[in-house]
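**Student:** Since the structure of chain S is provided, determine the placement of chain Y on it from the hints.
2 protein chains.
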Amino acid sequence: MKPLNVAILGVTGAVGQELLELLEERRFPIASLKALASAKSAGSKIKFRGQPITIEEAREDSFEGIDLVLSSAGGSISKKLVPHAVKAGALVVDNTSAFRMEPDVPLVVPEINPEDIRRHKGVIANPNCSTIIMLVPLFPLHKIARLKRVIVSTYQSASGAGAKAMLELENQAREVLEGKEPTKQVFPHQIAFNLFSHNSEMDEATGFCDEEKKMVQETRKIFHDPSIEVLPTTVRVPVYRAHSESIYAEFEKPLSVDEVRRALAGAEGVKLIDDRKNNYFPMPIEASGKDEILAGRIRVNDKRPQEVCLFVSGDQIRKGAALNAVQIAEIWARTASSVNV
Amino acid sequence: MKPLNVAILGVTGAVGQELLELLEERRFPIASLKALASAKSAGSKIKFRGQPITIEEAREDSFEGIDLVLSSAGGSISKKLVPHAVKAGALVVDNTSAFRMEPDVPLVVPEINPEDIRRHKGVIANPNCSTIIMLVPLFPLHKIARLKRVIVSTYQSASGAGAKAMLELENQAREVLEGKEPTKQVFPHQIAFNLFSHNSEMDEATGFCDEEKKMVQETRKIFHDPSIEVLPTTVRVPVYRAHSESIYAEFEKPLSVDEVRRALAGAEGVKLIDDRKNNYFPMPIEASGKDEILAGRIRVNDKRPQEVCLFVSGDQIRKGAALNAVQIAEIWARTASSVNV
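Those protein sequences? They're chains S and Y, same order as listed. In this note's numbering, each number is its position in the first sequence, counted from 1, plus 18. In this note's numbering, each number is its position in the second sequence, counted from 1, plus 18.
Isolated chain S (complex conformation) (with noise of 0.2 Å):
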C-alpha cells in the first residue's frame, strides 16, 4: 500500500488527538501528515511518531498535494473547507454532520456498509457515534432477523461534546464535592451527579432533538432500508468517555437468547458480555479505550420472541468517531491502491 499524505483538520480536539494515536498505532501507512486546526492552534507543536509538527491554520488552500483528509472540525467548518479539499484531489473522511445525508456521500460503518466506500465522489461521512454504537452489535441481528424497529434510550459520556465537556465533568464533580455550586460554560445543566436530555437542538414541532434524528436517519441509511423506525430518546449522564444504549430492538423472524449470543460473540467490532450469573454486563468504564463494542443484557420476550432487549457500551471517541474514520480510510487506500493507483 502505497504510504499516503494525509492532512488532520480539527487536530486539537479530543478525535483529532486520538486520529493521531489510532494512526500510529494501527500503522497507518504515511508519507507526510499535516496538522490543521483553528488559528489561535497554529503555530504549537504536537508529536506524531516521536517527532514534532507545526499546527497550521486550515485555510482553503491547505490541502495541495493531500490524499487523504480526516476531517473532525465541526460541520460548519467541514462545509466550508472539504469543498476544496475535495477539488484538490483528497478523499476526505468526514467525521462532522455536514454532509451525512447528502444522497452522493457514502455513510459507512465498515463492519455493515463497506462495500458502500466505492461510491464515493471525494467525500465519505462517519456517522453519529450514538448511531455506530447502536448498529454495530445490531448488524449481526439484522443479517439473521431482519430489523423492523428500535426503541432506544442513550446514557451518553461527557466525551460527545469534547475535551472541555470532560473537563467540566471533572471540575463540577470536584466543586459538588466540595460544597461548591458547578460552574456550568460547555453543558446548559449541571452533568456531575445528574443527568439530563442531550443537549443537541430541539425540533419544537416534534419534541425530537438533533442526536435523536441522526440516530433515525443514518440508521435508515446505512442499513439502506429507509422502513426502519427508530425511536430515540438520547440522554446525557455523568461518565466521561463511553456511551451506553438499552435498546429494544423488533425484527421480522423470532429469536433466541442462545442465537443472539452467537450471533454477537461472532460479530466483527463486537464484544460480548452476558454473563447473568455474576450479574456481569456491559459498563462504560471497561468500554473505554476499547475498539469494540461490548454489547449484552440480551433478554428475548417470551410472548413476542421477535422481540430482543440489549445493553450495549462503546467507546465515543474511538469507534463511535476516530476509529470507524480510520477504518473508513484503512478500506479506502486498500482499495484504491489495488484498483485505481
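Keep in mind that the hints were calculated from the coordinates and are not lab data. Owing to the predicted nature of the structure, the values given are computational and were not obtained by experimental measurement. There could be a bad hint or two in this list.
Copies of the same chain look alike in the list, so a pair counts if it fits in one copy or across any two.
[What the hints assert, rightly or not] Here are the simulated lysine-lysine pairs, DSS-like style, with alpha carbons at most 27 Å apart: (1) K289 x K182; (2) K321 x K271; (3) K202 x K289; (4) K182 x K295; (5) K198 x K308.
**Tutor:** Using the frame of chain S, we list chain Y on its own:
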C-alpha cells in the same frame, strides 16, 4: 383525627430518616413515637419535633399499644416482625418487598388506588420505588387511553441501595478525582463516573433482575390489570437520590402531545416539565427533595399516536419510599377515624 401511637421500624436508614422528617413536616397526628432499629443502634438518640427519642432494639414484643408501624428495615426483618405487629393490633405500612405480591395485602400508590387501602388485613405494602416513579405519571394517561404496554429504561440513583451507597458514590468520586482506585463495598461495580445493570438478584433463566420483575408484577397489581406488559431495563447511574426513567408507553387509544400535557399538568403528584424551546426537561437534581414526580419530554409517535414517550424523575427516598408510605398512613388514619373508631 385521633393522635396515634406510631413506631418506625428501621429508623436509622435513609428511608427511616426521611419518614421522621415527613411525619414532622406533614404534622402527622402522633401521640407517641417509638424508634426501632437493630440492636447495634439501640440506646443512641434521634430527634423528633425537637425532642430526643432513644432508639430501641426492634423485637417481636416491640409493638404493644402501637397503632401504626412504618416499616423499612429490609425484607427479612419485615417477614420476621410484621406478623407480631399485626397481632398486637397495629396497621403496618411496609416499605419492603416482603408482602407486596400477597393477594391479601393491598399494594398502594395513593394517587392511583387509594380505595385498595380499605381491603387491608393489617398490612399495606408500599411499592418499589421504580414502580411508583413510573406509575404516578402513567396513571393520568391510563385513565384516558388505557395502558397496554411499557418499555422502560431506568437511570437509578445510589440512594436506592441506602445511605451507605450514597456515601460510596461520594467517596469513589473523590478517589477517582485523586487518581486513586475506587473502593468498592456496597455496589459490585464502580458507581462513580460509571453505570451498570441494576445490582438486584438476576433470574438466570430469563435474564431479568428482581428490580425489573417488581416493575412488571407491581404495575399489574396496582392497575388491577394482569394483561399490561412491562419490559424494563434497570440501570444504576452515578446520581445521589432521584431515579429517572425513559418510558415508552403504548395505549389502547391514540393521544396527542397536548392531551398528554394537559393530563400530566392536572395530575396529582406530578409536575409537568416539558419546555422544548429551552430543552428543559426532568432532571434528577431538580427532583431531589421534591414530593412530585417530574414528567415531560413528551413525544407521540406520528405514525401510531397510541405510542407515547416520556422522561420522568422522582425522588427515590421521598415519593419512591417514605412519602408514599406516609400518604398511605394518612389516608388510612382518616378512614379509620371516620369509619371504625
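**Student:** Now tell me if each hint is right for this structure.
**Tutor:** Structure-based check of all given hints:
1. K289 x K182: neither (29 Å within a copy, 33 Å between copies)
2. K321 x K271: Intra 13 Å, inter 22 Å, cutoff 27 Å: intra and inter.
3. K202 x K289: This pair counts as between: shortest inter-copy Cα distance 25 Å, intra-copy 36 Å.
4. K182 x K295: Close across copies (25 Å), not inside one copy (39 Å); limit 27 Å.
5. K198 x K308: Between copies only: 21 Å across chains, 34 Å inside a chain, cut-off 27 Å.
Violated hint: 1 only; the structure is consistent with all others.
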